[in-house]
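J.: If you want the building blocks of each chain, they are given just below.
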Amino acid sequence: MTLLNISKLYKSFGGLSAVLDFNFQMEERELVGLIGPNGAGKTTVFNLITGIYKPDRGEIVFRESDLVGMSPYNICARGIARTFQNIRLFNDLSVLDNVKIACHKQVPYSLLGAIMRSPAFFEGEEQIEQEALKYLKVFNLADKRDELAKNLPYGEQRRLEISRALATQPTLLILDEPAAGMNPQETNELMQLIEMIRSEFGLAVLLIEHDMSLVMGVCERIYVLDYGQIIAEGLPHEIRNNKKVIEAYLGEELN
Amino acid sequence: MQTKKISWPRFLVETAVLVALFTLVQYGITTRMLDQYVQINLTSMCINIILAVSLNLINGFTGQLSLGHAGFMAVGAYTAVILTTKLDYPFLAGLVGSAMAAGLAGFVIGVPTLRLKGDYLAIATLALGEIIRVTLQNIDYINGPAGISGIPKLTTWAWLFGAVVLTIIVVVNLVNSSYGRAIISVREDEIAAELMGINTTKYKVLAFVIGASFAGIAGALYGHYFYIIKPETFNFMKSFDILVMVVLGGLGSTTGAVIAAIFVTILTAVLQPFPEIRMILYALILIIVMIYRPQGLMGNKELGRQTLGRIWGIRR
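These protein sequences, in sequence, are chains B and F.
Under our numbering, the first residue of the first sequence is numbered 1, with each subsequent residue one higher.
Under our numbering, the first residue of the second sequence is numbered 1, with each subsequent residue one higher.
Just chain F, with the same shape it has in the complex (with noise of 0.2 Å):
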């Protein structure tokens, strides 16, 4: 990959285009073109993009299996509940402060757990992630497994959009860089990489941690614009769910990420009306997909040019 310079032709070109489809939605939901149905699809959507492409760095690039992003998230969800409703700082705060919380416990958790590998390592993420739930069911000041209700719904579609902007900015830099390589090398050959002068510790603690604080995002805008948060939303099944999409797009290609948490939010919208059958649907088109394309949809593969990913314009 080769990153040379900023061509800033092309950085218009495509800052242009997100300015369009931002000012394009944002007018269907004014003018009410938009209706509440899509508009709560379309924010699932963004919540999933953020979701699969922040664990896509920890799985995909990273190479370690981590089931617990649903914590992440729920620690990300509460603290931004928490300052906005209780301590009643604005919604920027909440999201800042939610992006700290998880990602400090994305440091705490990961430091002791990522010296494991592979299965041990999944096992003890899907743990700790229990234990984050299980610990939120016990604190009385959040109302336990009740959760908190009545939370003001300040997740606009500018805020969903900015924080879709910003993970994949962040996730896609980070990885065409020369520490993106360093993480990468973690994926490739763990050994051969720490005896080149990788601080591979450094650099899966790092990923997890980054990884943690937008799932963190994540959990802040979910909890403000469905109304009630409660533990049992964030529970395994939740990360199994980010999961399926990561693996689906393609273990280390955020293209793919941002495609399948599209294509899994579309699936669950339309499967809706048949609720008895919808979940062996969703299962078979999945189990279908993953046998003609086991790499996911796009291997480890991004998109070429025109794609979100290359919104800095990076000249390649």
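Okay, chain B solo, but in the shape it has when bound (with noise of 0.2 Å):
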């Protein structure tokens, strides 16, 4: 079944066209990469698809329902979870917190509840912990979870944002360059968390990447962007030989 059908999508910004004309399809429980130079509209795509620009014209449908001009909370609630480039954490709220934020769309008592402080608060409050603890476990950051966010390091702070984005329970993941800035160590141990938390939570991840090892490493498929449209889309060896991407990558051949 297809997950996630972008249809004839159009975004422009003044007169800068960053999204022209993009067609996309992604099954259930695929890994796919959406690569392409710097500037070509990629976190663009993405803050579409996650409801924080509105698009111009085109469809998105996820799960058979349209979310443009859904709001993003509203999306979120649909399934979709993502982290972001430059980081986003709740800088000055403990680890914990972070990702409790995220369980908070599954909140088990009543605002009243919480201020009178019933019964089923405090049930409620130990299953959202348990649940955060749950996900903050599978990225080994379970011991840091009274850290502030801020003071966690670099490596860390993006296994947060992504253990923070699993909380919500997402049937897509979005992953905005989640490799950028670690060394070949980090990235690799990434690849291997990225394969892990599919096959574990079922889920299908959609990622930006400019570490072209991580991309061909676990994406089954890629879609080539490039001046707000596909240029390029198939298997990563297709992508690896195909001219048109590395035109775009590299500049066109001089005879």
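Heads up, some of the hints might be wrong.
No more than 20 Å apart at the CA atoms, straight line, and that leaves these computed lysine to any residue pairs for SDA-like [said to hold, decoys possible]:
hint: 1; chain 1: B; residue 1: Lys8; chain 2: B; residue 2: Lys150
hint: 2; chain 1: B; residue 1: Lys105; chain 2: F; residue 2: Glu190
hint: 3; chain 1: B; residue 1: Lys150; chain 2: F; residue 2: Lys86
hint: 4; chain 1: F; residue 1: Lys117; chain 2: B; residue 2: Ile52
hint: 5; chain 1: B; residue 1: Lys54; chain 2: F; residue 2: Arg115
hint: 6; chain 1: B; residue 1: Lys8; chain 2: B; residue 2: Ile231
hint: 7; chain 1: B; residue 1: Lys8; chain 2: B; residue 2: Arg57
hint: 8; chain 1: F; residue 1: Lys202; chain 2: B; residue 2: Ser110
hint: 9; chain 1: B; residue 1: Lys150; chain 2: F; residue 2: Ile191
hint: 10; chain 1: F; residue 1: Lys86; chain 2: F; residue 2: Gly144
hint: 11; chain 1: B; residue 1: Lys244; chain 2: B; residue 2: Phe24
hint: 12; chain 1: B; residue 1: Lys150; chain 2: F; residue 2: Gly299
hint: 13; chain 1: F; residue 1: Lys117; chain 2: B; residue 2: Gln157
hint: 14; chain 1: B; residue 1: Lys105; chain 2: B; residue 2: Gly79
hint: 15; chain 1: F; residue 1: Lys202; chain 2: B; residue 2: Ile52
hint: 16; chain 1: F; residue 1: Lys202; chain 2: B; residue 2: Ser71
hint: 17; chain 1: B; residue 1: Lys150; chain 2: F; residue 2: Gly147
hint: 18; chain 1: F; residue 1: Lys238; chain 2: F; residue 2: Met279
hint: 19; chain 1: F; residue 1: Lys202; chain 2: B; residue 2: Met70
hint: 20; chain 1: F; residue 1: Lys202; chain 2: B; residue 2: Gln157
hint: 21; chain 1: B; residue 1: Lys137; chain 2: B; residue 2: Ile115
hint: 22; chain 1: F; residue 1: Lys301; chain 2: F; residue 2: Leu271
hint: 23; chain 1: F; residue 1: Lys301; chain 2: B; residue 2: Asn151
hint: 24; chain 1: F; residue 1: Lys202; chain 2: F; residue 2: Ala124
hint: 25; chain 1: B; residue 1: Lys54; chain 2: F; residue 2: Thr201
hint: 26; chain 1: B; residue 1: Lys150; chain 2: F; residue 2: Asp189
hint: 27; chain 1: F; residue 1: Lys117; chain 2: B; residue 2: Ser71
hint: 28; chain 1: B; residue 1: Lys150; chain 2: B; residue 2: Met182
hint: 29; chain 1: B; residue 1: Lys54; chain 2: F; residue 2: Ala124
hint: 30; chain 1: B; residue 1: Lys150; chain 2: F; residue 2: Glu188
hint: 31; chain 1: B; residue 1: Lys105; chain 2: F; residue 2: Ile191
hint: 32; chain 1: F; residue 1: Lys202; chain 2: B; residue 2: Ser94
hint: 33; chain 1: F; residue 1: Lys301; chain 2: B; residue 2: Asp146
hint: 34; chain 1: B; residue 1: Lys244; chain 2: B; residue 2: Gly234
hint: 35; chain 1: B; residue 1: Lys150; chain 2: F; residue 2: Lys301
hint: 36; chain 1: F; residue 1: Lys202; chain 2: B; residue 2: Gly113
hint: 37; chain 1: F; residue 1: Lys202; chain 2: B; residue 2: Glu28
hint: 38; chain 1: B; residue 1: Lys105; chain 2: F; residue 2: Lys202
hint: 39; chain 1: F; residue 1: Lys301; chain 2: B; residue 2: Asp226
hint: 40; chain 1: B; residue 1: Lys105; chain 2: F; residue 2: Glu188
Quick caveat, the hints were computed from the structure, so don't treat them as lab data.
Each of the two chains sits in its own frame; use the hints to bring them together as a complex.
T.: Right under this line is the structure:
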């Protein structure tokens, strides 16, 4: 079944067309990469999918419902979660609270219950805490639960961001340059982690990445974006040898 | 923050401390050991605590800079006074009515303005606070600029103490819950919060309405203690006074707001005998505090275990 189907998507900022006639399909549990040179419009596509921007035209159909015009929290409720190119954690809050916030959409007690400290509140808080810890454990962050997010080293902040996104229980996880700023060792670990969360949580993963070893290593299918348009689509080895892609990245050959 | 379960021994101890504090002051008032002057300052202190703690929910925890808190206080004061003096309802009804009216005003103002951010929101709330004041000035039913006088003195120590405790319990319990975390996430990063499934508009309005309701209660208590209310009392300088307490205490710290409210009230009282230099000294002290504690007295931390904020007995 098609999980995400984007057709004829357009978005311009003033005179600049950031996304032009963007078409894209993704199946359940698929691991797809979106690559392209800087300024190609990759992050804009992510912002359109997650509702931060409204497209000028086009359709974004996720599990048979059109996401266009929906607010980001509604899109999140339908099962899309994401991370950011420049990490956006809740910096002054603890690691645990960061993940707990993502669990809020399943909050098991009422506002009045919280103010009155009803038994349901204490049960619910316990439940949320266990849930949040579950996601922290996957990323080996459980022992850092009380640290402030801003005090974590960079690689851990990246992992915390992914675990926070997972805590919203998505069916599609969107990762915006998850390996940015990581060394080869960390990138390698991240690759395994992405594979692992996909199989463990049964998710589809869509990722933007510049690190070609990561993209070629984990993605089943790759889309290449340049100047807001898909210029190539296919399996990793096809993309590697695609003339258009090489041109987009390296420029044309001179005769 | 962990909130596991009620610790009954702690709950009992804290309740006992509160009852003792209440009884002690009540004893002082009944036996006239605390004179009129002390009582007036005590009343101001309690009203300031309610105002500061409730504004801190909006400015400190939700991160929405609101400068219209005195406006909600005015709505509450007028609603309560009309209910008790003109319509002969009991004081409790006046208090509940004031909270509801101010909360409603907060909702009506909050829905359109809370889509604004930062300084724009500050200016919009400042303007709306002034609109409330000017509107009150132009209603003949409540004597316009002259205000309503001869209000019976219904605000007693019991009402003040109860209102302060209620305000702190509601704010602290709200903040330390999943709903509170949602509110705080708006302050931390609105876009990230929205993408994590938080309906940020809903939680901004929620915090605004709760904050406004308590400002309304503070207004009702004020009106029924100081005999007279007039629109001028609730001008934007009053809003600034409350903001000063919140910033002084530390944005996002309820204990900070309480301490700052007490501090500012005492400072104002102590400087009373020197009217010529009072405002200069007041400003100077604030500047010195802000130089040495730019994050406010408490930063965004709460005082340890034994503070008022933990009255409900939560084990941490």
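J.: Please go over all the hints and tell whether each is borne out by the structure.
T.: Against the structure, the hints come out as follows:
1. Lys8(B) / Lys150(B): 40 Å, violated
2. Lys105(B) / Glu190(F): 16 Å, holds
3. Lys150(B) / Lys86(F): 56 Å, violated
4. Lys117(F) / Ile52(B): The given pair, whose Cα atoms are some 16 Å apart, holds under the 20 Å limit.
5. Lys54(B) / Arg115(F): Holds, at about 17 Å.
6. Lys8(B) / Ile231(B): 14 Å, holds
7. Lys8(B) / Arg57(B): Satisfied, since the Cα-Cα distance of roughly 7 Å is no more than 20 Å.
8. Lys202(F) / Ser110(B): 15 Å, holds
9. Lys150(B) / Ile191(F): Cα-Cα ~17 Å, so holds.
10. Lys86(F) / Gly144(F): Distance of about 15 Å is within 20 Å: holds.
11. Lys244(B) / Phe24(B): 18 Å, holds
12. Lys150(B) / Gly299(F): 16 Å, holds
13. Lys117(F) / Gln157(B): With Cα atoms ~27 Å apart, Lys117(F) and Gln157(B) exceed 20 Å; violated.
14. Lys105(B) / Gly79(B): 11 Å, holds
15. Lys202(F) / Ile52(B): It holds: about 17 Å lies between the C-alpha atoms, which stays within 20 Å.
16. Lys202(F) / Ser71(B): 12 Å, holds
17. Lys150(B) / Gly147(F): Between Lys150(B) and Gly147(F) the Cα gap is close to 51 Å, so the pair fails against 20 Å, i.e. violated.
18. Lys238(F) / Met279(F): With Cα atoms ~14 Å apart, Lys238(F) and Met279(F) stay inside 20 Å; holds.
19. Lys202(F) / Met70(B): 15 Å, holds
20. Lys202(F) / Gln157(B): 28 Å, violated
21. Lys137(B) / Ile115(B): Violated, at about 30 Å.
22. Lys301(F) / Leu271(F): Not satisfied, since the Cα-Cα distance of roughly 29 Å exceeds 20 Å.
23. Lys301(F) / Asn151(B): Holds, at roughly 17 Å.
24. Lys202(F) / Ala124(F): 19 Å, holds
25. Lys54(B) / Thr201(F): 18 Å, holds
26. Lys150(B) / Asp189(F): 13 Å, holds
27. Lys117(F) / Ser71(B): 18 Å, holds
28. Lys150(B) / Met182(B): 17 Å, holds
29. Lys54(B) / Ala124(F): 27 Å, violated
30. Lys150(B) / Glu188(F): Roughly 12 Å separates the two Cα atoms, so the pair holds.
31. Lys105(B) / Ile191(F): 16 Å, holds
32. Lys202(F) / Ser94(B): 23 Å, violated
33. Lys301(F) / Asp146(B): 14 Å, holds
34. Lys244(B) / Gly234(B): Holds, at about 13 Å.
35. Lys150(B) / Lys301(F): Given pair Lys150(B), Lys301(F) holds - Cα atoms ~16 Å apart, limit 20 Å.
36. Lys202(F) / Gly113(B): Given pair Lys202(F), Gly113(B) holds - Cα atoms ~18 Å apart, limit 20 Å.
37. Lys202(F) / Glu28(B): 32 Å, violated
38. Lys105(B) / Lys202(F): Roughly 13 Å between the alpha carbons, so the hint for Lys105(B) and Lys202(F) holds.
39. Lys301(F) / Asp226(B): Judged against 20 Å, a Cα distance of about 48 Å means the pair is violated.
40. Lys105(B) / Glu188(F): 18 Å, holds
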